[in-house]
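Given chain A's structure and the hints, the job is docking chain B onto it.
Residues per chain are reported as follows:
Protein chains: 2
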Amino acid sequence: MTDPLIDRRARLLGPNVPTFYDEPVHIVRGEGVWLWDAGGRRYLDAYNNVPHVGHCHPKVVEAIAAQAARLNTHTRYLHETILDYVERLTATLGHDLSQAVMVCTGSEANDVALRMAQAATGKTGLIATDNTYHGNTAAVSALSTRRPPIGGYPPHVRLVPAPDSLAPLGGSAEAQPEAFAANVACAIAELEEAGHGFAGFMLCPFFANEGFPTLAPGFLDPTVEVVRQAGGLILADEVQPGFGRLGTAFWGHEVLGFAPDVVTLGKPMANGHPVGAAVTRPEIMAAFRGAFGYFNTFGGNPVSMAAALATLEVIEEEGLMENARTVGAYALDRLGGLRHPWLAEVRGRGLFFGAELVDETGAPATGFAIRLVEGLRAEGILAGRIGRAMNTLKFRPPMPFSREHADLVLDSVDRVLARTEVPR
Amino acid sequence: MTDPLIDRRARLLGPNVPTFYDEPVHIVRGEGVWLWDAGGRRYLDAYNNVPHVGHCHPKVVEAIAAQAARLNTHTRYLHETILDYVERLTATLGHDLSQAVMVCTGSEANDVALRMAQAATGKTGLIATDNTYHGNTAAVSALSTRRPPIGGYPPHVRLVPAPDSLAPLGGSAEAQPEAFAANVACAIAELEEAGHGFAGFMLCPFFANEGFPTLAPGFLDPTVEVVRQAGGLILADEVQPGFGRLGTAFWGHEVLGFAPDVVTLGKPMANGHPVGAAVTRPEIMAAFRGAFGYFNTFGGNPVSMAAALATLEVIEEEGLMENARTVGAYALDRLGGLRHPWLAEVRGRGLFFGAELVDETGAPATGFAIRLVEGLRAEGILAGRIGRAMNTLKFRPPMPFSREHADLVLDSVDRVLARTEVPR
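Respectively, the protein sequence lines represent chains A and B.
Start counting the first sequence at 7; every next residue gets the next number (the working numbering).
Start counting the second sequence at 7; every next residue gets the next number (the working numbering).
What the hints contain is simulated information worked out from the structure, not anything from laboratory work.
It is possible that some hints are incorrect.
Any copy, or any two copies together, can satisfy a pair, since identical chains are not distinguished.
Calculated cross-link-like contacts (lysine to any residue; reagent style SDA-like; alpha-carbon spacing at most 25 Å) [stated by the list, open to error]: (1) Lys65 to Arg35; (2) Lys65 to Ala97; (3) Lys65 to Val34; (4) Lys65 to Ala255; (5) Lys65 to Glu37; (6) Lys65 to Arg76.
The following block holds chain A by itself, in its conformation from the complex:
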């Protein structure tokens, strides 16, 4: 069956526009953790983190509808909602992260964060990990190894090896924190040697795209020390782990226990409404605001801020962080109880968990992971893959995900694992 939408899509959007699945799903309705396709089939959404408080949460929908009917304008006029929101948001953050630039996407937030580091230090050199993704603008794309920019990678960017659970840097879990920091120190030295100087290191505190390796609290301490000594900034991309998803803390950097200089936010922030932010300390904001005449027309508009405020309120009112902690622990425990020779490691935290698949030789079982995700989809469960070789099953559902939902997912994983043949 070829959906006529696929042809129309290729005609109007061009080739290679990414979709999930061999046969993409045509979704028409969402509610809570559920999605429905055009044929009326229901899917349990165990993948999408953007609808953070649940698809079409009525409180967020109502906030958007009410504010859209009342006023939508930019921040060159005064408006209270952006201030109410930034006050509530920054109250969840320590480390004097008390001022925000409101933007429309996580990409824009990271694009701003890189310039905050450059403005605060007067240097240009940037570091990221070697298997990451921080967004789609030209500047942040240069931190990703997925596709080289036309003309090559800019010389002021260095990528350091990402941490890994199964192949830890330095050869062991214990050695990994120092080994990771040593590579950062090398990259800083290279940037200084090349005359760029060192501005900042951008990282996801959950290393989500790197396959969310299991890391002990304190993992980043040696790295933070190296960065501080060199006068650079730590830019924590909290787009994926933030807003309570990890269950035991509202922010990913709290789980690892380090103090970022800038925190960036996106996807789940307003439950799907295009909202992002870069939050930092007043002296860094002053440097940024002094160096760049930054203005974002849609950033911080009253409708976006109403959506973001409602999302934050629902997280608190419905105890979704605590839910992430208990349901996530339950799901991880059930996942850990499954047996399959290619299930190399089960890991995660809160409502971001999964399993890395490797074959009997220890090589990434990417093809097998693809089959599992397709098999889950056939059972009505939406899941994903991530990691350096895209061989790690990823579950990252909307936050109102219950034990019953976890059981549906884990029962299905069990069945699909059992019936999916390993490639020969």
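The following block gives chain B in isolation, referenced to the frame of chain A:
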């Protein structure tokens, strides 16, 4: 009177966050061409182009509310509304501009357009005018002279002198098209000489930020010829002139009569909802999609597309382009009838018009322009300033702007001009 919001704003958003007016306006409600402040005072909005079909247009609000309640998700699943919208949008464009990348802001659209040019040509060199603004990402900021990037302007960017009504390039209006093109040819030669090669020239077809100089159709013909000969692309930033604002044509490039290779869209596209797009020909899209693994989480989501589709429908249903033509002509005629020694030139097209102010020595009367805008605000009229020296009064109201609204504005301009003392 100091509004306590101003202190709160500085505390939460940092210093130098731009506002309009000596005493910023605290807007709480909007409807059509009207805005209300917190004290209940009504303002006629003659400035804001983002609420293109009028503040809080009920059809757009209803489209947003209905879709937000039904589904909001990303384009890795199939959905019809993005296709319906892109089909409608591209039907308004000629020159085989038939495929779109949906993004969230005009900045993101321009950031994509620059990479489309680089992907299509395999070169990196970019040209823009020397008094422009194409957005706030790091890459597009490098096309703006407002603030130099940390580390200086990138070497692959060249800025050419913008056209000007009062001081035309080449010394006369007749000589200006060739003179403009000659500077572009020089910039291309420099980029090739420096080894970057030439990828594209980004421009606003109305030269809105440059002060919307009066230009005859065909003005860009010699430039387009130069760009084509060099194998580069013309990137038309239609964020300001597009969607019928100029009255006589739906797009700014139609008014000047040239064929762009990429058209970028933003601000007015979804009446304030964060939506942007880069539209191009299939072969350029294929090059872009092949070179970059571009994905935008919020771009093209069903709610954004419902808002954009409703906006496009309202423009047609309410005949807003024709309204822009007739009301714009009426307003420009009335503006042209005003007499003041510092009113150097009255110009514009459709619902984008204004007047350049220069003193008796011919120098830009920026201070006087500031006083006029403040004087208009005191009379309940919101207007702006633009141009190289920010000495051009700018009127760019929501499109349902009637002759009666134009009379209110022009009567006020007349009074304010009469009573505003020229600086000594």
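Hints versus structure:
no., hint, in the structure
1, Lys65 to Arg35, "both (17 Å within a copy, 21 Å between copies)"
2, Lys65 to Ala97, "within (22 Å within a copy, 37 Å between copies)"
3, Lys65 to Val34, "both (20 Å within a copy, 21 Å between copies)"
4, Lys65 to Ala255, "within (24 Å within a copy, 42 Å between copies)"
5, Lys65 to Glu37, "both (12 Å within a copy, 24 Å between copies)"
6, Lys65 to Arg76, "both (17 Å within a copy, 13 Å between copies)"
Checked against the numbered hints above, the structure violates none of them.
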